[in-house]
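Visitor: When you get a sec, could you build the whole thing from the sequences and use the hints?
Chains as they are written, first to last, in the numbering used here: chain L, 758 to 1050; chain D, 4 to 442; chain Y, 292 to 568.
The hints are simulated quantities; they were obtained by calculation from the structure and are not laboratory data.
Possibly wrong hints are sitting among the right ones.
What the hints assert, rightly or not - With a cut-off of at most 25 Å between alpha-carbon atoms, the simulated PhoX-like pairs for lysine-lysine come out as follows:
1) Lys93/D <-> Lys299/Y
2) Lys356/Y <-> Lys93/D
3) Lys512/Y <-> Lys351/D
4) Lys88/D <-> Lys299/Y
5) Lys357/D <-> Lys368/D
6) Lys51/D <-> Lys299/Y
7) Lys984/L <-> Lys398/Y
8) Lys351/D <-> Lys368/D
9) Lys169/D <-> Lys194/D
10) Lys356/Y <-> Lys513/Y
11) Lys93/D <-> Lys984/L
12) Lys51/D <-> Lys513/Y
13) Lys389/D <-> Lys315/D
14) Lys194/D <-> Lys798/L
15) Lys232/D <-> Lys194/D
16) Lys398/Y <-> Lys513/Y
17) Lys51/D <-> Lys398/Y
18) Lys88/D <-> Lys295/D
19) Lys798/L <-> Lys88/D
20) Lys389/D <-> Lys169/D
21) Lys356/Y <-> Lys88/D
22) Lys798/L <-> Lys437/D
23) Lys196/D <-> Lys232/D
24) Lys169/D <-> Lys315/D
25) Lys295/D <-> Lys356/Y
26) Lys855/L <-> Lys299/Y
27) Lys295/D <-> Lys357/D
28) Lys357/D <-> Lys398/Y
29) Lys93/D <-> Lys398/Y
30) Lys232/D <-> Lys798/L
31) Lys984/L <-> Lys88/D
32) Lys398/Y <-> Lys88/D
Said to hold, decoys possible - Derived CB-CB ranges, DEER-like:
33) Trp788/L <-> Thr433/Y: 50 to 56 Å
34) Thr433/Y <-> Leu822/L: 38 to 44 Å
35) Pro546/Y <-> Gly895/L: 32 to 38 Å
Please read all numbers here as calculations on a predicted model, not as lab measurements.
Ideal placement from N, C-alpha and C gives every residue a C-beta, glycine not left out.
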Amino acid sequence: MTDRSFKYMFIAPAFLLVSATVLYPLLYAIWTSFHEWRLSKSRAPTDFVWFENYARAFFDDPAFLQSVGVTFTFIIGSVVSAILVALLIALLLSRQGKIYTVTRTIIVLPFAMSPALQGTSFRFFLNQEFGVFDRLIGFIFPFAAEIDWLGDSTWAMIWLILTDTWHWAPFLSLMLIGGLLSIPRDTIEAASVDGASAWMRFWTVVLPQLLPVLAIACVLKTIFSFKMFEYVYLLTGGGPGTSTATLTYYAYRQGFHAYDMGYASAIAFVLAILLIGVSVVYFRLLFPKEKEV
Amino acid sequence: MRRLHEKTGTILRSTLLGTVASVMTFGTALAEDLPYGLKSGKPYDGTKITYLAPVATQYEGHSERVAEFTDMTGIEVEFEFVPFKTLLEKILSVKVAGDSDPDVINYLDAWGPALKDMLVPLDDQMDADGISMDRYFAAHAAGATYDGEVYGMPLRGHAQLLFYRKDLLEKHGLDVPVTWDDLVNVAAVIKEKEGLGVANYYSPKNGQNIFTWVNLLWSNGGELIADGKVVFNSPAGVEALQYYADLENKFDVNTSGAKSRDPYESSLSVGAGNSAFFMGWWWHYGSRILGKNTTLQADQIGFTGMPAYGDKGVTFALSMPSGINVESDDKEAAWEFLKWVSNPDLEKRNVIEKADRNVIVALHKSNLTDEDVNEANRGLHMAGAKSLADSRIFPQLESWPEIQQLIANAISDVVSNGTDPQEALDTAAAAAQKLVDQK
Amino acid sequence: MDFDRQTKDRAFAFLRGVGIAMIIFVFLGPILWIFLTAFKPLSAVYTMSLWFEPTLDNFRQIFDKPFYLGQKLWNSIVISAFTVAIGVPTALAAAYSFSRFPMKYKKSLFFGVLATQFIPPMVVVLPFFLMFRTLGLLDTWTGMIWINLSIVLPFAIWMLKGFIDTIPIEMEEAAMIDGASRLRVVWDIVLPVCVPGLFVAGIFCFIFSWNDFLYALILTKKEAVTLPVTLNAFYTEEGDRWELMAATGTFILLPMFAISFFIQRHFVQGATQGSDR
Chain L
758 MTDRSFKYMF IAPAFLLVSA TVLYPLLYAI WTSFHEWRLS KSRAPTDFVW FENYARAFFD
818 DPAFLQSVGV TFTFIIGSVV SAILVALLIA LLLSRQGKIY TVTRTIIVLP FAMSPALQGT
878 SFRFFLNQEF GVFDRLIGFI FPFAAEIDWL GDSTWAMIWL ILTDTWHWAP FLSLMLIGGL
938 LSIPRDTIEA ASVDGASAWM RFWTVVLPQL LPVLAIACVL KTIFSFKMFE YVYLLTGGGP
998 GTSTATLTYY AYRQGFHAYD MGYASAIAFV LAILLIGVSV VYFRLLFPKE KEV
Chain D
4 MRRLHEKTGT ILRSTLLGTV ASVMTFGTAL AEDLPYGLKS GKPYDGTKIT YLAPVATQYE
64 GHSERVAEFT DMTGIEVEFE FVPFKTLLEK ILSVKVAGDS DPDVINYLDA WGPALKDMLV
124 PLDDQMDADG ISMDRYFAAH AAGATYDGEV YGMPLRGHAQ LLFYRKDLLE KHGLDVPVTW
184 DDLVNVAAVI KEKEGLGVAN YYSPKNGQNI FTWVNLLWSN GGELIADGKV VFNSPAGVEA
244 LQYYADLENK FDVNTSGAKS RDPYESSLSV GAGNSAFFMG WWWHYGSRIL GKNTTLQADQ
304 IGFTGMPAYG DKGVTFALSM PSGINVESDD KEAAWEFLKW VSNPDLEKRN VIEKADRNVI
364 VALHKSNLTD EDVNEANRGL HMAGAKSLAD SRIFPQLESW PEIQQLIANA ISDVVSNGTD
424 PQEALDTAAA AAQKLVDQK
Chain Y
292 MDFDRQTKDR AFAFLRGVGI AMIIFVFLGP ILWIFLTAFK PLSAVYTMSL WFEPTLDNFR
352 QIFDKPFYLG QKLWNSIVIS AFTVAIGVPT ALAAAYSFSR FPMKYKKSLF FGVLATQFIP
412 PMVVVLPFFL MFRTLGLLDT WTGMIWINLS IVLPFAIWML KGFIDTIPIE MEEAAMIDGA
472 SRLRVVWDIV LPVCVPGLFV AGIFCFIFSW NDFLYALILT KKEAVTLPVT LNAFYTEEGD
532 RWELMAATGT FILLPMFAIS FFIQRHFVQG ATQGSDR
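Guide: Below is the structure:
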């Protein structure tokens, strides 16, 4: 078999599986975003309204614009924090030995925990009366004992980011460990023989080789930060006020509680367009050499 | 009967069936007379219907007795329990698909206006079987009715009560608060002496922080929406919100953590012995305040109606009616089930015999004032009856759930971020007006 | 100099130890707390207490009506297992192809695969529902496996491509010159080196299908209901039944721990081969 036929044959199953499933719903949702569809009135989209739903978002809905801001705050915070924590964990754990194996096993668990259970549990943990986090933090930092974590706009956002980081950083670190362990050891050893400091070794030898995996970890985390829903829903309910109401949460409210699927779909596609924009920037930065043939 | 048949579009056949059924009823009336207006002679023997309900003790109570119904009618009932948080999504997916399954749907009254197209109006059947909404309190009946037509039988419904630590009030020789100002005074003493405050909740989660504020608004003579105009940002509304926020920020009578608390955590706080007062739905009494999660004894907890603001006290009431899916293939069997499941006897038996398992919610006026019911539940239902006598429901608008969230966000914003109440309510009102006008 | 080096090494070892202890504390602590909660009687659930009489009541409740966890556990296992069994090889093939071959519109295709996942599920769940209804896939294992595959595949392809990109191509070229076929090269050379990546992708596929809630809620009814739907059922109208959620959560985590530990050993093995190369 030639490579020519081979390469398409290898892609075909995945491509067919994905496209057969998602194309129809995606097109349906795009179509919906240009229509009026009030779930309370009709079982299917009704009038074609051109860009009305999109125009409403940008020109007639301050809450939407505010939630764009909230979304970006969350994305930047959660991507940076998850990647940094993951990198730290990965550097610590990319070694041989029993304790490392056990620790690596343990850190699969936060990711395996259902977001629903995690969100609910973390809300309880932060409760001033019976919350173990609150109690522990108050014990270590007495000045923080009186803070109502989820009742303060800034802290609520920080905890939202930390909750998300707790879930994602361990998994991302497994990705990075995978990447680190497949860096040929001789290159690192060569560098240390040269007397390069650990810090230099990291910057000049380890990081460049890790870049493909790190880049993908960043892209994936960004996507999941955009789509994050459960923690807002369970931890803060978008509050206090609307200080943690992200776009996904807003789209959900518009679709299922204001019964406005047309508008919810439009918001979702604005989100997707933003995501495409961000991804393109990532691509430029992270894969500058990759050429299309 | 008429309307039901119009919806199915099989007028002729069904009328024929109905005639046959009534002849049979007549024929067998002497042999076997079924209660609650159920048709005797098992005309729907072998029919299987499904019932979509959220998880709550109420429905578990029903499901445990449903064999009695099957014995009488031959109709089998399958309960499909879904999480309450996602009940609306599930119902909307049934609506969009036009599914014939489930046959009976339990919904929250506030969703009624948006769901009415998928529900069968029940007035004619109720007339035929001699069932009247008068057996319920006005607020619960209103929640199941839209534009003068009844779309569901209220199966679960709530009254707001003020729960308080009886032992602590007695210890300090304090009277049970009647007005909000009383509450503030009494709570200040208890908080100072015992360190236990009011378990208020301001988190905008699921729009629930509006439940207490709306009491203040209505009691203060304000309205949410009047004649298609959003008016909750009126001076009465602003004053109510200022007062509600002052409880936390000025009077300082709340147990700390109120800014992030939701009602569930609030009643837990009383149960855990951290708070002395809680205002909310009566079901909290059995499962959270005095449940297995607490060491409090029944005589430590008192309950009364919600405090009045000035000299007026208007409370908020909520209900969960069950209606028949308009696409159902077995509407008549479903109606038989509704008759049975909503009958006052079943409710009475459940709230008496299953009181220890917190099946305490009752809706029939007759049951709320019933001696045996009250004895089994320490008079909770009598207090509920008083609260419900002067109660109201939210405006019946399709977009109400989202308007409720807008107000909830405003309340939270004022309490947590110190935003000016007028400004916060104006912003919410402007957005709400757009939703109202969308019609 | 030697002495210096030794203290430095010791200091590093100490710091590493502290780091590992912190990782375990931060990531395992909350899980242990939830685990404890699952065994608490209701009277101790909302307290800080570490001393309580452990009970199995919560577990009894979740397996009893109306929750019936047993059936759902089985559904979840089958659906997730098939998603991994089909998803990982399919993704590996596609990722290899994306990584190794020049292709027309490769970037767009590669990006397009991922872009299918840019839309939040709540706006596509109703179209999915309508489509599955037409195809008769509602409330079936097949339907659930299919939809899970469509979600995890794009991510798995991306992850695996990242890993394959780090593998030097020279070894494959050498083998090809020796006359090995493409399939043989993938099987003998790429696959062993890729084990860490396969592990990560497999974990991802398994956990994602295991935890999927919204699709499972809308697309199942009775026969194919999965664990997360039950987990969410504990958000009752009378508040969150945290202790029951914790008990269910334990069932979600325990198999994960076992599987993960089992694979880790292979993971290390694979990784060793990778780095000794």
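Visitor: Look at each hint and say if it fits the structure.
Guide: Taking the hints in turn, this is what the structure says about them:
no.: 1; hint: Lys93/D <-> Lys299/Y; verdict: violated (61 Å)
no.: 2; hint: Lys356/Y <-> Lys93/D; verdict: holds (21 Å)
no.: 3; hint: Lys512/Y <-> Lys351/D; verdict: violated (32 Å)
no.: 4; hint: Lys88/D <-> Lys299/Y; verdict: violated (56 Å)
no.: 5; hint: Lys357/D <-> Lys368/D; verdict: holds (19 Å)
no.: 6; hint: Lys51/D <-> Lys299/Y; verdict: violated (76 Å)
no.: 7; hint: Lys984/L <-> Lys398/Y; verdict: holds (23 Å)
no.: 8; hint: Lys351/D <-> Lys368/D; verdict: holds (11 Å)
no.: 9; hint: Lys169/D <-> Lys194/D; verdict: holds (14 Å)
no.: 10; hint: Lys356/Y <-> Lys513/Y; verdict: holds (14 Å)
no.: 11; hint: Lys93/D <-> Lys984/L; verdict: holds (21 Å)
no.: 12; hint: Lys51/D <-> Lys513/Y; verdict: holds (15 Å)
no.: 13; hint: Lys389/D <-> Lys315/D; verdict: holds (14 Å)
no.: 14; hint: Lys194/D <-> Lys798/L; verdict: violated (50 Å)
no.: 15; hint: Lys232/D <-> Lys194/D; verdict: violated (41 Å)
no.: 16; hint: Lys398/Y <-> Lys513/Y; verdict: violated (42 Å)
no.: 17; hint: Lys51/D <-> Lys398/Y; verdict: violated (54 Å)
no.: 18; hint: Lys88/D <-> Lys295/D; verdict: holds (24 Å)
no.: 19; hint: Lys798/L <-> Lys88/D; verdict: holds (22 Å)
no.: 20; hint: Lys389/D <-> Lys169/D; verdict: holds (19 Å)
no.: 21; hint: Lys356/Y <-> Lys88/D; verdict: holds (19 Å)
no.: 22; hint: Lys798/L <-> Lys437/D; verdict: holds (17 Å)
no.: 23; hint: Lys196/D <-> Lys232/D; verdict: violated (46 Å)
no.: 24; hint: Lys169/D <-> Lys315/D; verdict: holds (24 Å)
no.: 25; hint: Lys295/D <-> Lys356/Y; verdict: holds (20 Å)
no.: 26; hint: Lys855/L <-> Lys299/Y; verdict: holds (23 Å)
no.: 27; hint: Lys295/D <-> Lys357/D; verdict: holds (15 Å)
no.: 28; hint: Lys357/D <-> Lys398/Y; verdict: violated (64 Å)
no.: 29; hint: Lys93/D <-> Lys398/Y; verdict: violated (39 Å)
no.: 30; hint: Lys232/D <-> Lys798/L; verdict: holds (22 Å)
no.: 31; hint: Lys984/L <-> Lys88/D; verdict: holds (20 Å)
no.: 32; hint: Lys398/Y <-> Lys88/D; verdict: violated (41 Å)
no.: 33; hint: Trp788/L <-> Thr433/Y: 50 to 56 Å; verdict: violated (27 Å)
no.: 34; hint: Thr433/Y <-> Leu822/L: 38 to 44 Å; verdict: holds (43 Å)
no.: 35; hint: Pro546/Y <-> Gly895/L: 32 to 38 Å; verdict: holds (36 Å)
Checked against the numbered hints given earlier, the structure breaks hints 1, 3, 4, 6, 14, 15, 16, 17, 23, 28, 29, 32 and 33 and satisfies all the rest.
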